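Numbering (the UniProt record's numbering), first residue to last: 1 to 103.
By construction, these hints were calculated from the structure, which means they are not laboratory data. You may find that some hints are simply not true.
Claimed, not checked - Taking lysine-lysine and the DSBU-like style, the derived pairs with C-alpha atoms no more than 30 Å apart in a straight line are: (1) LYS49 - LYS82; (2) LYS11 - LYS21; (3) LYS37 - LYS49.
None of the values given here were measured: they were computed from a predicted structure.
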Amino acid sequence: MAATISHLSEKVGEDALGRSKMSHAPRVEGRLWLSEKYRDLLRMWLTMKLPYTVELVRTPEGRYIVHLTFDFGVVREPDFTKGCLALDTNPDGVALCNVSALG
Numbered sequence: 001m002a003a004t005i006s007h008l009s010e011k012v013g014e015d016a017l018g019r020s021k022m023s024h025a026p027r028v029e030g031r032l033w034l035s036e037k038y039r040d041l042l043r044m045w046l047t048m049k050l051p052y053t054v055e056l057v058r059t060p061e062g063r064y065i066v067h068l069t070f071d072f073g074v075v076r077e078p079d080f081t082k083g084c085l086a087l088d089t090n091p092d093g094v095a096l097c098n099v100s101a102l103g
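Using the sequences and the hints, build the whole thing.
This is the structure:
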């Protein structure tokens, strides 16, 4: 993983149009460990080119912890007035649950 810490860049002048010229921001490079259960989500999110936020936190020992935040948008409350149908897939089988509106 490589990340640029953009807020640490400094203004070094202005261009002909009066826009700020910034120095190169420092980069942090290293290996990123990600829990197995989140790897597919991250791959999918990056493939779809959806927005995400990365926060790098430096520990007192000099290591970095990465916080990834994904915006799933507004999630509607489910409507159970007609019941609910649920499907659960696992490596060793599939479970189907059909519940009426009365439970």
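Status of each hint after checking the structure:
1. Our distance criterion of 30 Å between C-alpha atoms is broken by LYS49 and LYS82, whose separation comes to about 35 Å.
2. This hinted pair checks out: LYS11 and LYS21 have alpha carbons roughly 6 Å apart, not beyond 30 Å.
3. About 20 Å separates the Cα atoms of LYS37 and LYS49, which keeps this hinted pair within 30 Å; it holds.
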